[in-house]
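Residue numbers (my numbering), protein chains in the order written: chain A, 47 to 138; chain B, 47 to 138; chain C, 47 to 138; chain D, 47 to 138; chain E, 47 to 138; chain F, 47 to 138; chain G, 47 to 138.
Simulated from the structure, these hints should not be mistaken for laboratory data.
Hints may be right or wrong, so weigh each one.
[As the list claims (entries may be wrong)] Straight-line distance between alpha carbons at most 25 angstroms, and here's what the computed SDA-like set of lysine to any residue pairs gives: (1) Lys52(F) - Tyr113(D); (2) Lys84(C) - Ala90(B); (3) Lys84(B) - Val137(A); (4) Lys95(E) - Asp132(E); (5) Lys52(A) - Ile136(B); (6) Lys52(E) - Lys84(G); (7) Lys84(F) - Val49(G); (8) Lys103(D) - Val91(F); (9) Lys52(G) - Ala90(F); (10) Lys103(C) - Val91(B); (11) Lys95(E) - Lys87(G); (12) Lys87(G) - Ala63(E); (13) Lys84(A) - Ala90(D); (14) Lys95(E) - Glu98(F); (15) Lys84(A) - Glu121(A); (16) Lys103(G) - Asn93(E).
[Said to hold, decoys possible] Interface residues of chain G toward chain E, partial, derived using beta-carbon atoms under 8 angstroms: (17) Glu98; (18) Leu109; (19) Ile133; (20) Val137; (21) Gly138.
Even glycine gets a Cβ: it sits at the ideal position worked out from N, Cα and C.
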Amino acid sequence: MSVNVKPLADRVLVEPAAAEEKTVGGIIIPDTAKEKPKKGKIIAVGNGKADEPMTVKVGDEVLYGQYSGTEIKIEGNDYLIMRESDIFAIVG
Amino acid sequence: MSVNVKPLADRVLVEPAAAEEKTVGGIIIPDTAKEKPKKGKIIAVGNGKADEPMTVKVGDEVLYGQYSGTEIKIEGNDYLIMRESDIFAIVG
Amino acid sequence: MSVNVKPLADRVLVEPAAAEEKTVGGIIIPDTAKEKPKKGKIIAVGNGKADEPMTVKVGDEVLYGQYSGTEIKIEGNDYLIMRESDIFAIVG
Amino acid sequence: MSVNVKPLADRVLVEPAAAEEKTVGGIIIPDTAKEKPKKGKIIAVGNGKADEPMTVKVGDEVLYGQYSGTEIKIEGNDYLIMRESDIFAIVG
Amino acid sequence: MSVNVKPLADRVLVEPAAAEEKTVGGIIIPDTAKEKPKKGKIIAVGNGKADEPMTVKVGDEVLYGQYSGTEIKIEGNDYLIMRESDIFAIVG
Amino acid sequence: MSVNVKPLADRVLVEPAAAEEKTVGGIIIPDTAKEKPKKGKIIAVGNGKADEPMTVKVGDEVLYGQYSGTEIKIEGNDYLIMRESDIFAIVG
Amino acid sequence: MSVNVKPLADRVLVEPAAAEEKTVGGIIIPDTAKEKPKKGKIIAVGNGKADEPMTVKVGDEVLYGQYSGTEIKIEGNDYLIMRESDIFAIVG
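With the rest of the complex left out, here is chain A:
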């Protein structure tokens, strides 16, 4: 899907994976982790900062920190806006 939100600078819009979906791509988040990374899909990306082009692109499945981002709701769905530096890795 696409949404009419353009993140600024080094920010990205992420659609969090559903909570019950714990094994997509073979990645399981342990319940006992100190900080539980979460999974999601990149929906929109900013243009990056002057000296730091963006690495992730729309459609990437990513792992990000449990407390990262700001929640927004678009057409009934929940999303997160966060900085690319909050993203640990691309999976899949």
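For this one, chain A is given, so just place chains B, C, D, E, F and G on it according to the hints.
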């Protein structure tokens, strides 16, 4: 509308969206969000800093942090002055 | 008026607007603002820092933070010395 | 082994050495150390940051700080994602 | 007067104005100021830092922060050593 | 001796001098010092950071801060891994 | 005198002036100073940092902060190792 205020450096003047207007452009701000982003329209922009030109422009609808900016009242209307880095995304 | 004070670096000398003068240029500072910006006129400006030339100039009407600057009294009048980064916008 | 995780920027994916394996390569971690460094193997590396190419490579045995990284589980195995700056040295 | 002290880097040696001398050059320091700036004369200046040449010169009358500098006594007189960034403005 | 440990970036591997060896090279560490510097020998050095080549080299006797570094044990001997900036001086 | 200690980077080795020697070069340190600067002689200097060559040289009499540096004893004498930025001025 236009106002006679020229923000300095990387600051922008924002006209907050009315509180009851929660669904313009399909964006709904959830009441339960950790930090509720707010919506508004860019009224005036600064010239940016030496190495960082501005991204937003007059007329853009934007999402910004709940606690961002300083309130001022111009000809009876409420506005906020904030830095561009306080803005999460352009919508619409 | 002119005074014999030359601010250093990115500092400016500001003559605060009288407290009762709340509507010059159509700008009213709301009493209920979280941080009340104040208005004043630029009396003298420094030469800026190496990589940051000054934006404001003598005579500009400006908005600045409520707690910005250091008070000095020159020939019976009260002034403030502050950094240009303490100034939010030029008005008028 | 290889996994389908691509760390971002200066991050690496590390497979921690088993707790009982204390003497591989002649390195023993003292129980009384102020901060106990831990050993592991590099499984995947990011592309580095703009001005800092990565030093470690896949397969390197490394020492890293006891509290470094974020745990994730991939196909039943435990891994850590951390920044290269959390790694003290390459051993072996 | 001259003294045999060469400040390092961006430091200056300041001779504070006598406490009773409150009106030289028309500048009066208000007793009620949040932070009272003080006046003094530049006696010696450092060579500046690599990318920041010095602005003040020997003989300049300056305003500086109330808590700036370190006291030293040279041939019976009190002086202050401070950084140029502690100086607000040149007066006179 | 040599060990199979390659410190990363600006880190070095140091073999601390034995506690009873207090007078090697004429250097005595006073018991009453606010922070007692310690002596040791450089065993391995990193490649430095992008803009800061390393100054110390293998074999140098150095003084370093009392609380610097992380302890590791290699083939029965105690070592410290620290950053070059934790080293005060080369002696001998 | 000379000692076999080579300070690293921007560090210097200082021989503190004897406590009773309060008037050398006409400088008297006031007992009532907020922070009492101390006097000493430069015995050895580092090579500076990449973009900051050293200003002081061996033999310079300097003023430095009361709490600056780390004490070491070399052949029965007390010295201090500190950063050049801890030195206020060269005297004499």
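Now for the hints, and whether the structure bears them out:
For the hint linking Lys52(F) to Tyr113(D), the alpha-carbon distance of about 21 angstroms falls within 25 angstroms, and the restraint holds. About 19 angstroms separates the Cα atoms of Lys84(C) and Ala90(B), which keeps this hinted pair within 25 angstroms; it holds. Using a Cα cut-off of 25 angstroms, the hinted pair Lys84(B) and Val137(A) is violated, with the two alpha carbons roughly 32 angstroms apart. Only pairs whose Cα atoms come within 25 angstroms are accepted, and Lys95(E) paired with Asp132(E) is accepted, the gap being roughly 15 angstroms.
Note on Lys52(A) and Ile136(B): the hinted pairing holds, with a Cα-Cα distance of about 5 angstroms set against a maximum of 25 angstroms. The suggested pairing of Lys52(E) with Lys84(G) holds, with an alpha-carbon distance near 15 angstroms, which does not exceed 25 angstroms. With a CA separation close to 18 angstroms, the supplied pair Lys84(F) and Val49(G) stays within the 25 angstroms bound. The suggested pairing of Lys103(D) with Val91(F) holds, with an alpha-carbon distance near 18 angstroms, which does not exceed 25 angstroms.
As the CA atoms of Lys52(G) and Ala90(F) are separated by approximately 19 angstroms, the hinted pair is consistent with the 25 angstroms bound. For the proposed pair Lys103(C) and Val91(B), the alpha carbon gap of about 18 angstroms is at most 25 angstroms, so the pair holds. The suggested pairing of Lys95(E) with Lys87(G) holds, with an alpha-carbon distance near 23 angstroms, which does not exceed 25 angstroms. Note on Lys87(G) and Ala63(E): the hinted pairing is violated, with a Cα-Cα distance of about 31 angstroms set against a maximum of 25 angstroms.
Taking the CA atoms of Lys84(A) and Ala90(D), the gap is about 19 angstroms. The hint holds against a cut of 25 angstroms. About 20 angstroms separates the Cα atoms of Lys95(E) and Glu98(F), which keeps this hinted pair within 25 angstroms; it holds. Taken as a hint, the Lys84(A) and Glu121(A) pair is honoured in the structure, with Cα atoms around 22 angstroms apart against an allowance of 25 angstroms. For the hint pairing Lys103(G) with Asn93(E), the CA-to-CA distance comes to about 15 angstroms; that is within 25 angstroms, so the pair holds.
Because the smallest distance between the Cβ of Glu98(G) and any Cβ of chain E comes to about 6 angstroms, under 8 angstroms, the interface hint for this residue holds. The closest approach between the C-beta of Leu109(G) and any C-beta of chain E is roughly 7 angstroms, which is under the 8 angstroms cut-off, so the hint is satisfied. This hint holds: Ile133(G) has a C-beta 6 angstroms from the nearest C-beta of chain E, less than the 8 angstroms allowed. For Val137(G), the shortest C-beta to C-beta distance to chain E is roughly 5 angstroms, which falls under 8 angstroms, so the interface hint holds.
With a cut of 8 angstroms, the hint placing Gly138(G) at the interface with chain E holds, because the nearest CB-to-CB distance is about 6 angstroms.
Violated hints for the displayed structure, listed by number in ascending order: 3 and 12.
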